[in-house]
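**Q** Chain residues, written in single-letter form:
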Amino acid sequence: MEADAAKLIGAGIACIGMGGAGIGVGHIFGNYLAGALRNPSAAPAQFTNALIGAALAEGLGIFSLVVALLLLFT
Amino acid sequence: MANDPIHQFQIKELAGPFHIGGYEIAFTNSALFMGIAVATVTTILLVAAARGALVPGRLQSVGELWYEFIHNMVKNVLGPEGKPFFPLVFSLFSFVLVANMLGMFPYFFTVTSHVIVTASLAVFVVALVVVVGIAKHGLGWFKLFVPHGVPAVILPFISLIEIISFLSRPVSLGLRLFGNMLAGHIVLKVFAGFVVSLGALGFGGILGAVAPLAMAVALTALEFLVAFLQAFVFAILTCVYLNDALHTHH
Numbered sequence: 001m002e003a004d005a006a007k008l009i010g011a012g013i014a015c016i017g018m019g020g021a022g023i024g025v026g027h028i029f030g031n032y033l034a035g036a037l038r039n040p041s042a043a044p045a046q047f048t049n050a051l052i053g054a055a056l057a058e059g060l061g062i063f064s065l066v067v068a069l070l071l072l073f074t
Numbered sequence: 001m002a003n004d005p006i007h008q009f010q011i012k013e014l015a016g017p018f019h020i021g022g023y024e025i026a027f028t029n030s031a032l033f034m035g036i037a038v039a040t041v042t043t044i045l046l047v048a049a050a051r052g053a054l055v056p057g058r059l060q061s062v063g064e065l066w067y068e069f070i071h072n073m074v075k076n077v078l079g080p081e082g083k084p085f086f087p088l089v090f091s092l093f094s095f096v097l098v099a100n101m102l103g104m105f106p107y108f109f110t111v112t113s114h115v116i117v118t119a120s121l122a123v124f125v126v127a128l129v130v131v132v133g134i135a136k137h138g139l140g141w142f143k144l145f146v147p148h149g150v151p152a153v154i155l156p157f158i159s160l161i162e163i164i165s166f167l168s169r170p171v172s173l174g175l176r177l178f179g180n181m182l183a184g185h186i187v188l189k190v191f192a193g194f195v196v197s198l199g200a201l202g203f204g205g206i207l208g209a210v211a212p213l214a215m216a217v218a219l220t221a222l223e224f225l226v227a228f229l230q231a232f233v234f235a236i237l238t239c240v241y242l243n244d245a246l247h248t249h250h
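Protein chains in written order, with this note's numbering: chain V, 1 to 74; chain B, 1 to 250.
Chain V on its own, in the form it takes in the complex (with noise of 0.2 Å):
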């Protein structure tokens, strides 16, 4: 195989980390809003937290994109 080629494959392959990071955000913000159903009263003081969580998920989501990104441009 080519090298060039080698590289756009796993320039792909590395993206699928980022689908991970989707579940991850998912789960925070669906937990969080079955929580502010429940509990209406507490939930604006969680929302914060909720960003915290989202933000760290995406964070590894984010780095399989570099990953790609690096793979692809140099």
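Don't take each hint at face value.
Stated by the list, open to error - Facing chain V, a subset of chain B residues (Cβ under 8 Å, in silico):
1) Ser172
2) Leu175
3) Arg176
4) Gly179
5) Ala183
6) Val233
7) Ile236
8) Leu237
9) Val240
10) Asn243
Stated by the list, open to error - Partner residues aside, some chain V positions facing chain B, computed with beta carbon under 8 Å:
11) Leu51
12) Glu58
13) Phe63
14) Leu65
15) Val67
Hint data in this document are derived by calculation from the structure and do not stem from the laboratory.
We put the CB at the ideal spot given by N, CA and C, even for glycine.
Starting from the structure of chain V, add chain B where the hints point.
**A** Coordinates of chain B only, in the frame set by chain V:
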């Protein structure tokens, strides 16, 4: 290559390069838009605060909301000891927010889509956490890496994990902002490119191009949300990390 989605991130030299002390220093479009971002924040806040009316007008309300939003965040996360760090967090939030928002204008340069800018901000924040932590708690601050109540057998591993997680903070803080802005702008450009290439196919193509056009409009709205959210996340993670320096729970 009119549809090249990476082209928008190219750094162009607007003036220079000047040779100063053996370095090549040029005034680039990145530097220009950083300057515009700082000038925009300063102008908006100065004009908003100039009147100081008891019943705020529209612009003054924006300024007050902006200030109180960050002030409440710093107060909730850091407590009263966090007061000296409010100007830092406010500046970081304002700069990132306005740089992200400026990037949403067509043909404008997105400063935060370059990893060197976001990584500099992130490394500065984490270096500040180390300096403040050691200045406040002395060498006892390193107990952050040795949690209480962990069995002695697995303590070395836990410490190793804590140290690695601390060292990955500047990486993740910088890459998150960079990746979000870069990915968002690439996706916008790719969908805009679909409109152009479908429209070139003739009448049927123009009808088909409505779908990616609608998607591009929806993505623009999403990007405005992301631009705000990432500035907020950057600011609140700065607060959370500074909290480790100010209050060591372990």
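**Q** Grab the minimum C-beta distance from isoleucine 236 of chain B to chain V and call the hint holds if it beats 8 Å, violated otherwise.
**A** holds, 6 Å
**Q** Taking 8 Å as the limit, does the beta-carbon of alanine 183 of chain B come near enough to a beta-carbon in chain V?
**A** With a minimum Cβ separation of about 6 Å from chain V (threshold 8 Å), the hint on alanine 183 of chain B holds.
**Q** Does valine 67 of chain V pass the interface check with chain B, least Cβ-Cβ distance below 8 Å?
**A** Hint on valine 67 of chain V: violated, closest Cβ of chain B at ~11 Å, above 8 Å.
**Q** Is the shortest C-beta separation between leucine 65 of chain V and chain B less than 8 Å?
**A** holds, 5 Å
**Q** Do the numbers back the hint for glycine 179 of chain B, that is, is its least Cβ distance to chain V under 8 Å?
**A** At about 3 Å, which falls below the 8 Å cut-off, the nearest Cβ of chain V leaves the hint on glycine 179 of chain B intact, so it holds.
**Q** Answer holds if the nearest beta-carbon of chain B is closer than 8 Å to that of leucine 51 of chain V; otherwise answer violated.
**A** Hint holds; leucine 51 of chain V Cβ to chain B Cβ min 6 Å, cut 8 Å.
**Q** For the hint on valine 233 of chain B, just tell me whether its beta-carbon gets within less than 8 Å of chain V.
**A** Constraint on valine 233 of chain B satisfied, holds at 4 Å.
**Q** Hint validation: serine 172 of chain B versus chain V, beta carbon distance must be below 8 Å. Holds or violated?
**A** Holds. Min distance 4 Å.
**Q** Given valine 240 of chain B as an interface hint, is the shortest Cβ-Cβ distance to chain V below 8 Å?
**A** holds, 7 Å
**Q** With a cut-off of 8 Å, does the beta carbon of leucine 175 of chain B approach a beta carbon of chain V closely enough for the hint to hold?
**A** holds, 5 Å
**Q** Please verify that hint: asparagine 243 of chain B, Cβ, nearest Cβ of chain V, below 8 Å or not.
**A** Check failed: Cβ of asparagine 243 of chain B comes no nearer than 12 Å to chain V, outside 8 Å.
**Q** Does the interface hint hold: is arginine 176 of chain B within less than 8 Å of chain V, judged Cβ to Cβ?
**A** holds, 4 Å
The structure fails to meet hints 10 and 15 from the earlier list, while all remaining hints are met.
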